[in-house]
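Student: Now for the letters of each chain:
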Amino acid sequence: MKVRVALSVNGESREALVPVHKTLLEVLREDLGLTGTKHGCELGECGTCTVLLDGEPVLSCLALPVETEGCRITTVEGMAEGGRLHPLQQAFAELGAAQCGYCTPGILLTATALLADRPSPTRQEVKDALAGNLCRCTGYTKILDAVELAALRMGRQEART
Amino acid sequence: MIRLPPFTYLAPGTVDAAARLMAEHGRDAMLVAGGTDLYPNMKRRQFEPKVLVGLRGIRELRGVRGSASGWTIGAATTLSAVTAHPGIARDFPALATAAGLVSSPQLQNMGTIGGNVCVDTRCNYYNQSYEWRKAIGFCMKKDGDICLVAPGSSRCWAVSSSDTAPVLWALGARVRLIGAGGERTVPMPALYRDDGIEYLAKRPDEVVADILLPPAEGWRSAYLKLRRRGSFDFPVLGVAVAARMDGDIVRDARIVLGAVASLPRPAERAAAALVGQRVTRELIARVADLAAGPAKPLDNTDFTHPYRKKMTRVFVARALAAVAGLQNGSAASEEVA
Ligand SMILES: Cc1cc2nc3c(=O)[nH]c(=O)nc-3n(C[C@H](O)[C@H](O)[C@H](O)COP(=O)(O)OP(=O)(O)OC[C@H]3O[C@@H](n4cnc5c(N)ncnc54)[C@H](O)[C@@H]3O)c2cc1C
Ligand code: SF4
Ligand code: FES
Ligand code: FES
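Line order of the protein sequences matches chains H and V. Count the first sequence with the numbering used here and you get residues 1 to 161, in order. Count the second sequence with the numbering used here and you get residues 1 to 337, in order.
It should be emphasised that the hints constitute simulated quantities derived from the structure, not laboratory data. All values derive from a computational prediction rather than experimental measurement. Among the hints, erroneous ones may be present.
As the list claims (entries may be wrong) - Chain H stretches covered by chain V per the calculated footprint, using a threshold of three residues with CB under 8 Å from any CB of chain V: (1) 12 to 24; (2) 36 to 43; (3) 62 to 71; (4) 85 to 99; (5) 125 to 132.
Even glycine gets a Cβ: it sits at the ideal position worked out from N, Cα and C.
If we strip away everything but chain H, and leave its shape as in the complex, we get (with noise of 0.2 Å):
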């Protein structure tokens, strides 16, 4: 069964004519081209390949178009507006926060919701909010780092505007 979706990624409307049963991650690649969003393993299990949904994270690899239609999706091609990274990316890249760079994607997007949500958090409420994407290069520490030092950054140029 093929459907014609009509979705919101980052702004822009994009219209697919898909099978039903593919999922947003693999329309989101395969269909429109957005290879930003990595695939895992597409159970549930990692959150490489989270989007944001409204605003909130969730898991591209077990969400239907169908049923994203009339919501906002993010990914991370997304996040730099104008050419200038988003500072969460450029606190990443600083740091090292990115190794293989595979869980990088579903990381930024999740820790963006959390910063809408909590522009200050701790490092224990970072730690909550990214325990659902798994690192297999970093140990974690740099990523949490770099949260801090985003967090720190958006709170100032908040400041200054």
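Fit chain V with the ligands to the supplied structure of chain H, relying on the hints for placement.
Tutor: Chain V with the ligands only, in chain H's frame:
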């Protein structure tokens, strides 16, 4: 990519329409809410429904409502919304805790409480890819005819692995079911059967519409979960305790164990031993011993089954101490071993 098998997706606007579609398509159809249990299972070819009846678009299934007769939680309310609800956290801390310990934050944003009470039973020989199961030889839960855990057994012993079901049972919750032939409201225990394959006692066309909780009125509750990692993992033991206290005397109590059988398992003798008593350390030790009796874990989940049985006693004691306000230090809601 591990892809989903093909299906037709139907998105009814009401619960009645969903139940009618289920009746119409019979064995070919399955309900789906958050999909966090069903889709991984479909990818592993544990289920290959031709038709999916999606519940996400049904407004009447979402939200938490309070009234004088208690709380009503719509079945498609997400676990995150249940945990975050201030009324639930105040009146039923064990439920807020249990929903907040399911899998991972992302899965709590997607998974629903209705899906959680209907979640498929689990077993080390079943929750595997199609190729793995084929290589080792299929078991009777899917595609085969013997049990690989208990080869002489004529039944499947897959484990009830819901975090919220034992809690809802302990809290005296009821479920409202809407089927093609009408609706009925049953107590939680009536939703389950002691069978790893046919673990639900409802008809396939019946949709869990709401979960109804009686007013808290003096009931206190606690939930403890055992798993290997502090995230992602299903419970390999869950202990739900609810007690109505009058000062330090217990007036009424329920203890329900999760992940020790194919359905949530009440420890009735243990709970009865609490009633009318003042909670002391000695009483807690005696009740914890009694509660471990009905826990008969088999060797088909993570950790060894003797360890899970031992931990039942430890967890019941801790949960009772928490409910009676006797625990030392902070009450950790889970143990990661
Ligand atoms: C990595 C991972 C870890 C997990 N860890 C846990 C855990 O720790 N604890 C835990 O309890 N669960 C866990 N789960 C399972 C699952 O995420 C949750 O149980 C979730 O609450 C299921 O809800 P859902 O809405 O996604 O269910 P779905 O997948 O949509 O449905 C599950 C089952 O319930 C049926 N169903 C759904 N809604 C209804 C309804 N309203 N009426 C009748 N039938 C219905 C479906 O037909 C299906 O058979 C985990 C899953 C994954 C992938
Ligand atoms: S308990 Fe036996 S029949 Fe049931 S899933 Fe496990 S191996 Fe299969
Ligand atoms: S790819 Fe989605 S959780 Fe691993
Ligand atoms: S950087 Fe390699 S998995 Fe996280």
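Student: If a hint holds in the structure, say so; if it does not, say that too.
Tutor: Results for each hint:
| no. | hint | in the structure |
| --- | --- | --- |
| 1 | 12 to 24 | holds (count 5) |
| 2 | 36 to 43 | holds (count 3) |
| 3 | 62 to 71 | holds (count 5) |
| 4 | 85 to 99 | violated (count 0) |
| 5 | 125 to 132 | holds (count 4) |
Of the hints listed earlier, the one the structure fails to meet is number 4.
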